[in-house]
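Here the sequence shown is numbered in our numbering, starting from 3 and rising by one per residue.
By construction, these hints were calculated from the structure, which means they are not laboratory data.
Check the hints yourself; a few may be wrong.
Unchecked claim - Think about it this way: if two alpha-carbon atoms lie no more than 25 Å apart in a straight line, the pair counts; the simulated DSS-like pairs of lysine-lysine are:
{"id": "1", "residue 1": "K180", "residue 2": "K302"}
{"id": "2", "residue 1": "K109", "residue 2": "K140"}
{"id": "3", "residue 1": "K109", "residue 2": "K84"}
{"id": "4", "residue 1": "K109", "residue 2": "K180"}
{"id": "5", "residue 1": "K234", "residue 2": "K175"}
{"id": "6", "residue 1": "K140", "residue 2": "K302"}
{"id": "7", "residue 1": "K109", "residue 2": "K77"}
{"id": "8", "residue 1": "K175", "residue 2": "K77"}
{"id": "9", "residue 1": "K311", "residue 2": "K140"}
As the list claims (entries may be wrong) - Pair by pair, the computed Cβ-Cβ distance ranges are:
{"id": "10", "residue 1": "A219", "residue 2": "H151", "range": "19 to 29 Å"}
{"id": "11", "residue 1": "S73", "residue 2": "F169", "range": "44 to 54 Å"}
{"id": "12", "residue 1": "F41", "residue 2": "L121", "range": "35 to 45 Å"}
{"id": "13", "residue 1": "A34", "residue 2": "T239", "range": "31 to 41 Å"}
{"id": "14", "residue 1": "G174", "residue 2": "G74", "range": "55 to 65 Å"}
{"id": "15", "residue 1": "A31", "residue 2": "T198", "range": "37 to 47 Å"}
{"id": "16", "residue 1": "E20", "residue 2": "K180", "range": "17 to 27 Å"}
{"id": "17", "residue 1": "I79", "residue 2": "R310", "range": "33 to 43 Å"}
{"id": "18", "residue 1": "F41", "residue 2": "G74", "range": "26 to 36 Å"}
{"id": "19", "residue 1": "A219", "residue 2": "L83", "range": "17 to 27 Å"}
{"id": "20", "residue 1": "Q176", "residue 2": "L83", "range": "47 to 57 Å"}
Since this is a predicted model, take the numbers as computed values, not measurements.
The beta carbon of each residue, even a glycine, is placed where N, CA and C say it ideally should be.
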Amino acid sequence: MAANDWITGLQRSIDYIEDHLLEDIDYEAAAAQSFSSSFHFQRIFSILCGYTLGEYIRNRRLSLAGTELASGDIKVIDAALKYGYESPDSFARAFQRFHGVLPSQVKSGGCRLRSFSRLVLKFSMEGGTNMNYRIEEKPELILTGYRAHFTGAPYGEDRERQEEQLFVTTRGKQWFLKGAAETVRGGFTNEYCVVTNITDDGYDFCYCHDLDEWTRAHLYDHSVTGVDFVEKLGLETITIPGNTYVIFETEDVKHPIADYLGLLNQRIRILTEWMPDMGFELAEGPELAVYQWMPRETRKIQIWMPIRKVGR
Numbered sequence: 003m004a005a006n007d008w009i010t011g012l013q014r015s016i017d018y019i020e021d022h023l024l025e026d027i028d029y030e031a032a033a034a035q036s037f038s039s040s041f042h043f044q045r046i047f048s049i050l051c052g053y054t055l056g057e058y059i060r061n062r063r064l065s066l067a068g069t070e071l072a073s074g075d076i077k078v079i080d081a082a083l084k085y086g087y088e089s090p091d092s093f094a095r096a097f098q099r100f101h102g103v104l105p106s107q108v109k110s111g112g113c114r115l116r117s118f119s120r121l122v123l124k125f126s127m128e129g130g131t132n133m134n135y136r137i138e139e140k141p142e143l144i145l146t147g148y149r150a151h152f153t154g155a156p157y158g159e160d161r162e163r164q165e166e167q168l169f170v171t172t173r174g175k176q177w178f179l180k181g182a183a184e185t186v187r188g189g190f191t192n193e194y195c196v197v198t199n200i201t202d203d204g205y206d207f208c209y210c211h212d213l214d215e216w217t218r219a220h221l222y223d224h225s226v227t228g229v230d231f232v233e234k235l236g237l238e239t240i241t242i243p244g245n246t247y248v249i250f251e252t253e254d255v256k257h258p259i260a261d262y263l264g265l266l267n268q269r270i271r272i273l274t275e276w277m278p279d280m281g282f283e284l285a286e287g288p289e290l291a292v293y294q295w296m297p298r299e300t301r302k303i304q305i306w307m308p309i310r311k312v313g314r
């Protein structure tokens, strides 16, 4: 599928949403306009836009509600029902979060409102640059770690802030897992950051290590260690199904974080250039960032994105 055909299909889905914006929108029906599943459409949408499909719909409705209230042609209670809210109170709270003022204040006139315009995707000529990658079949991976629920889209600006906050406040858990992994695997190990359970309400972000079976068994059997590490530290087993991944990675450098942030921003290029050109699409399954903290001069970070051939 050519990139422009792919963008055209996605635009049809967005147009369907706009045509049904004041209804209870069927995500499957919207996704069908671009010949994809609801899961696939929502995930692609969040990568391209940096916010979830639900956020787009909510912001569009609140933007239109502000315009209609400012024109003086509708009551607040009627606007609440028209734009999908169960009560005037819930509408007022959402309206104030979005516009910074209450709907009743808008009716009085003179308020500055926020506009959120209709989304129109445009195809532009890209490419002509190098992207180093490899495709690998990965077997099932059994990891041990902990999770936090993040809000927003997993590819938006809020992720960096929430990820940094999680790492700063869970140093003890990280050191424990890193120590357990290094002890049984004889030195440097990989750290896995897993994005999964993506919905309109947010997603789960998991920090994990690959422990061997013996260590996992003893973590869960506190009769051996005398300490219930799983309960005390909030640890769990996180199973990553076997899948085909396209893997992009930073160069071997001492401090790869800056290169990693640039790699995160390449998701749009991966999705809109590399995948259509190579005949792939995103597959169901979690996305992983793998930190390879080897000796200082050979550190790198990888992004694993699950893929499948189009039509399979």
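Practice prompt. Give me the numbers of the hints this structure contradicts, sorted from smallest to largest.
Written response: Violated: hints 2, 4, 8, 12, 15, 16, 17, 18 and 19.
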